[in-house]
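> Sequence:
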Amino acid sequence: MDLRAFSVDICVTLLSMRLDMISTTLHIPLGGQFGFWQTVNSHGWCALVPFDVDKSEQRLGRLLELQNGTLVRCSLHRRSSNLTAELKSAGKITKAEKDEVRRQLTECLRLDEDLSEFYTEARRRPHYRWIARQRAGRLLRAPTVFEDVVKMICTTNCSWALTESMVGNLVRNLGTPFDNGVRSFPSPQALAQVTEKYLRTHIRTGYRSPYLLELATRIAEGDLKIEHWRSSTLSSEELFEEARSVKGMGTYAAGNILKLLGRYDYLGLDSWVRAKFYELHKKGRRVSDKTIERHYASFGKWKGLFFWLEMTREWYDRKFPF
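If you count by the numbering used here, then the sequence shown holds residues 1 to 322, one letter each, in order.
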């Protein structure tokens, strides 16, 4: 153990606990098509730190790390036509910092994404009209593509419980400390500083360890610029192939990362959605992936989103699982 690093970490933690937190409130206007709680629960990201959910009050929590290193704890809930964000920080937040908080929250909740065309298509199809009524369709994402990719790699070939464990270990061991044990998601630079052995031993990421280390190192050294993916002018097919070129990203991971980039051309099949498709459409009988692909071919560029929402419809009809 590096005792110097350990001492610095302890000092930073104690300092953050001694500082009085300053509270600020931010209001973000919402459009009529936006469903806050539907977006929060659109998939499992809300259950992965540094997100957290308060079901009783329908709040989403998130610790943000700004570009200048400032940490801001956000508690979000919908109030009338606004998203109310209650912010806490160790010092007074400047206007520029508040603008960055607004931008990051907009990224996470997809507030700038126009789904009008998607809802029009949903209303044309009787089986899918519920989507527009429920204001479903926005998929929660992280403030950065890096965090989304790391988490996606941590969903491959494992149970959801193991995904939660790996992500929790990453944040607990490598994230920047705030207060009460809360930490931010680690930066590429923080992840790139550790070894593969450390990841295998302390983070328990197994075979994913060299992939995560290479991803973080390439980004930290400027060789890979995945934050540009959200505004990329590449075709979906080209972007899919670029995502697949990242080690650890197969067709499942790349297809689902594209959904978080606003590209819904791919289904992103895994064992859970396959089983759900068999149940809904084939009375439990297994079919090939090509058969599943053909079933959604008529949905064109929206097929991945229609597919995911159909697979998770019972969440909206009954109870969100997270």
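Misleading hints may appear alongside valid ones.
[Stated by the list, open to error] When the alpha-carbon atoms are kept at most 30 Å apart in a straight line, the in silico DSSO-like pairs for lysine-lysine are as follows:
{"hint": "1", "residue 1": "Lys247", "residue 2": "Lys283"}
{"hint": "2", "residue 1": "Lys290", "residue 2": "Lys276"}
{"hint": "3", "residue 1": "Lys290", "residue 2": "Lys301"}
{"hint": "4", "residue 1": "Lys319", "residue 2": "Lys301"}
{"hint": "5", "residue 1": "Lys276", "residue 2": "Lys225"}
{"hint": "6", "residue 1": "Lys301", "residue 2": "Lys283"}
{"hint": "7", "residue 1": "Lys290", "residue 2": "Lys303"}
{"hint": "8", "residue 1": "Lys319", "residue 2": "Lys247"}
{"hint": "9", "residue 1": "Lys303", "residue 2": "Lys282"}
{"hint": "10", "residue 1": "Lys225", "residue 2": "Lys197"}
{"hint": "11", "residue 1": "Lys301", "residue 2": "Lys282"}
{"hint": "12", "residue 1": "Lys55", "residue 2": "Lys88"}
{"hint": "13", "residue 1": "Lys303", "residue 2": "Lys319"}
{"hint": "14", "residue 1": "Lys282", "residue 2": "Lys247"}
{"hint": "15", "residue 1": "Lys303", "residue 2": "Lys283"}
{"hint": "16", "residue 1": "Lys98", "residue 2": "Lys88"}
{"hint": "17", "residue 1": "Lys55", "residue 2": "Lys319"}
{"hint": "18", "residue 1": "Lys319", "residue 2": "Lys225"}
{"hint": "19", "residue 1": "Lys283", "residue 2": "Lys225"}
[Claimed, not checked] Ranges of calculated distance between the beta carbons of each label pair, as one might list FRET restraints:
{"hint": "20", "residue 1": "Lys197", "residue 2": "Ser116", "range": "49 to 57 Å"}
{"hint": "21", "residue 1": "Glu314", "residue 2": "Arg125", "range": "28 to 36 Å"}
{"hint": "22", "residue 1": "Ile28", "residue 2": "Thr156", "range": "43 to 51 Å"}
{"hint": "23", "residue 1": "Leu162", "residue 2": "Ser116", "range": "23 to 31 Å"}
{"hint": "24", "residue 1": "Pro29", "residue 2": "Lys197", "range": "43 to 51 Å"}
{"hint": "25", "residue 1": "Leu162", "residue 2": "Lys276", "range": "17 to 25 Å"}
{"hint": "26", "residue 1": "Gly91", "residue 2": "Glu57", "range": "22 to 30 Å"}
Everything labelled a hint here was simulated from the structure, so no lab data went into it. Please read these numbers as outputs of a predicted model, since none were measured by experiment. Cβ coordinates follow ideal geometry from the N, Cα and C atoms, glycine included.
> A separate judgement is required for each hint: does it hold in the structure or not?
Hints, verified against the model:
1. Lys247 - Lys283: Given pair Lys247, Lys283 is violated - Cα atoms ~36 Å apart, limit 30 Å.
2. Lys290 - Lys276: holds (16 Å)
3. Lys290 - Lys301: holds (17 Å)
4. Lys319 - Lys301: Distance of about 28 Å is within 30 Å: holds.
5. Lys276 - Lys225: Violated: Lys276 and Lys225 sit about 35 Å apart, past 30 Å.
6. Lys301 - Lys283: With a Cα-Cα distance of about 27 Å, the restraint between Lys301 and Lys283 holds, given a limit of 30 Å.
7. Lys290 - Lys303: Answer holds: Lys290 to Lys303 is near 14 Å, not above 30 Å.
8. Lys319 - Lys247: Cα-Cα ~36 Å, so violated.
9. Lys303 - Lys282: With Cα atoms ~19 Å apart, Lys303 and Lys282 stay inside 30 Å; holds.
10. Lys225 - Lys197: holds (26 Å)
11. Lys301 - Lys282: Holds, at roughly 24 Å.
12. Lys55 - Lys88: holds (20 Å)
13. Lys303 - Lys319: Roughly 24 Å between the alpha carbons, so the hint for Lys303 and Lys319 holds.
14. Lys282 - Lys247: Violated, at roughly 34 Å.
15. Lys303 - Lys283: Since the Cα atoms of Lys303 and Lys283 sit roughly 22 Å apart, the hinted pair holds (cutoff 30 Å).
16. Lys98 - Lys88: Given pair Lys98, Lys88 holds - Cα atoms ~11 Å apart, limit 30 Å.
17. Lys55 - Lys319: Distance ~11 Å between Lys55 and Lys319 Cα, so the pair holds.
18. Lys319 - Lys225: Status violated; Cα separation ~38 Å.
19. Lys283 - Lys225: Not OK: Lys283 and Lys225 at ~44 Å, beyond 30 Å, violated.
20. Lys197 - Ser116: 49 to 57 Å: With Cβ atoms ~50 Å apart, the hint holds.
21. Glu314 - Arg125: 28 to 36 Å: violated (18 Å)
22. Ile28 - Thr156: 43 to 51 Å: Since Ile28 and Thr156 have Cβ atoms about 34 Å apart, the given range 43 to 51 Å is violated.
23. Leu162 - Ser116: 23 to 31 Å: Because 38 Å falls outside the window, the suggested range is violated.
24. Pro29 - Lys197: 43 to 51 Å: holds (49 Å)
25. Leu162 - Lys276: 17 to 25 Å: Since the Cβ atoms of Leu162 and Lys276 sit about 20 Å apart, the hinted range of 17 to 25 Å holds.
26. Gly91 - Glu57: 22 to 30 Å: The hint (22 to 30 Å, Cβ to Cβ) holds, given that Gly91 and Glu57 are roughly 27 Å apart.
Checked against the numbered hints given earlier, the structure breaks hints 1, 5, 8, 14, 18, 19, 21, 22, 23 and satisfies all the rest.
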